[in-house]
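Asks: Spelled out from the first residue to the last, the chains are:
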Amino acid sequence: MPVDVEARVIRNTRLSSDYNVIALAAPEIAAATAPGQFVMVKPGRGHDPLLRRPFSVFEVLRANGRVEGLTLLSKRVGVTTAMLFDAVEGDIVSCLGPLGRAFALVDPPEEAWMVAGGVGLAPFAIMTDALAARGTRTTLFYGARTGGELFYLDWFRARGVRLVLATEDGSVGERGRVTEPLERELRSARQAARVAGGLQASGNDLTVDACGPGPMLEAVARIAAARGARSQVSVVRVMGCGLGGCYSCVIPVRDGRGGRHYVRSCIGGPVFDGAELVWD
Amino acid sequence: MIDLSVQIGSLQLANPLIAASGCFGYGVEYAGTVDLSSLGGVAVKGLFLAEREGHPPERIVETPAGMLNAIGLQGIGVHRFVREKLPELRDLRATVIVNICGSTLDEYVELARILSDADGVAALELNISCPNIKEGGITFGCSLHGTFDVVSSVKKVTHLPVIPKLTPNVTDVAAFARASEEAGADAVSLVNTFLAMAIDVETRRPQLSNIVGGLSGPAIRPIAVRMVYECRRAVKIPVIGMGGIASARDAIEFMIAGATAVQVGTANFVDPFIWPKLLDGIREYLRRHEIARVADLVGTIDTTSREKQWISS
Ligand SMILES: Cc1cc2nc3c(=O)[nH]c(=O)nc-3n(C[C@H](O)[C@H](O)[C@H](O)COP(=O)(O)O)c2cc1C
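Same order as they appear, the protein sequences are chains A and B.
Here the numbering used here = 1-based position in the first sequence + 56.
Here the numbering used here = 1-based position in the second sequence + 16.
If you only want the chain B side, here are some residues facing chain A, beta carbon under 10 Å, derived:
(1) G48
(2) L89
(3) G233
(4) A262
Note that these hints are calculated values from the structure, not bench results.
Predicted model, so just to flag it, every value in this text is computed and none were measured.
We put the beta carbon where it would ideally sit given N, CA and C, even for glycine.
The task is simple: from the sequences and hints, build the whole structure.
Replies: Structural data, given as structure tokens:
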């Protein structure tokens, strides 16, 4: 069950002129959050902003073996994110959660691939910790417009995550979309597995988990499906409540009878099986 | 001991707080954040006979102290509601007010028949005021004859209290309250949302896929209070007030203006734990003003030497 915490800002780290990581003292939420779940956040008490905004939980903070709080990765685009960017230690932010469906962790816990575009990095720090705890080999495909918008690289490296980077301007990593190296590596992994024979060649051993802009998620779902891999994608929608009350955050999902229907991404997602979604 | 109960026709509510339709799912979504039996009532999302897909996204956009919505009444239809949701709502001991929408007069009547036979429905709220769909609904709510016909037709087939929900998108809302009363309504509820729009000036595109939508939230509260006040003066049946209630003080304002009960919509999105806070605030107010029954607060506005001449009703 979600709880609402008037969370104190523990610290606020600016990563660039637009991105920040804000740490909130909401241990009861942090301790209950699974990778991919989100919180509904409202800074200030007034009517601007009026509604909460959804944020994936980025990290669970631990100090001396105790859960201390959680962090959110935020990009300044509107009123709420501007306030989160400007927040200082001691400010209060209402934080409701944890909410939504989490990523299913790959089982058996052999190998996991994560794909992040821009602020879509958000679910993958908490995810990395969960995978590391299970001894899963992990690769992060991470793309942004420019090298200055790739964050936490050392954080992921320190946890043994293999990084495959891409930027649209080519300033860091490969030039272009991150789904290009993803497609290439998936193809060669499949070929290698086929040569080696054995179980892995049969198909659904590999899961690709993704979060980022819609077109990237669509590409990931298509690439994974073409190579017989499962994909899980975390979608970003305009949300009113986060609890299934308002029906604003819907996304079209296949209904199994050749048709489609709208599912509330707050309670039916935000993580969906890539093959379930209708892209339009 | 403060008495919070209020009477809506033959229906007694444990307290005057009702979750507003479309802002509380089918109620069951909120079972984890609020004890549904602690609410005066739960108005569930508007139902047609058939399932509906609703409008494509974007369906909401925030505006100053408010929000626009054009959900388009996505819903599971009355049959699935009765089968899948009503038993759970019964188990949760919710006082269920079913909000019904029709494309035709016959559809309202059919919905009322089905729900009158179902176990666990406390009242019917007739949504003749949704601004977001073309067919039905508001075409009844914007015509005095239409309003009269829907209410009287539904009254003929049900024993349940009938509460037409009025639109504020008319010049004289009190006339619609009067037409409802004449048609036999047990109460009226108001306001539904105000037809509105918002444009992204960079792209010059409407911010809602439906182009226009309904405005709710604190931004509309003063207009809604005025409309409740006008209706209260126009009819004897109870008025259920809503529009921008976000605190106990706001709920009390509506009751003083003449609302026997109040509904809360948008504020539940902001704070799904608001319900006990509202109840505590109302109790505290009544204690401070030495009012033993919340019903005694209703319509107690003091307009001495402030009478406005323009109010016709
Ligand atoms: C997202 C949303 C969906 C709504 N859906 C319905 C509905 O299905 N039926 C209805 O009668 N009113 C519906 N309403 C109107 C509310 O019940 C209420 O009349 C209005 O929002 C004003 O109250 P508020 O300011 O407290 O939200 C909806 C409002 C919103 C914001």
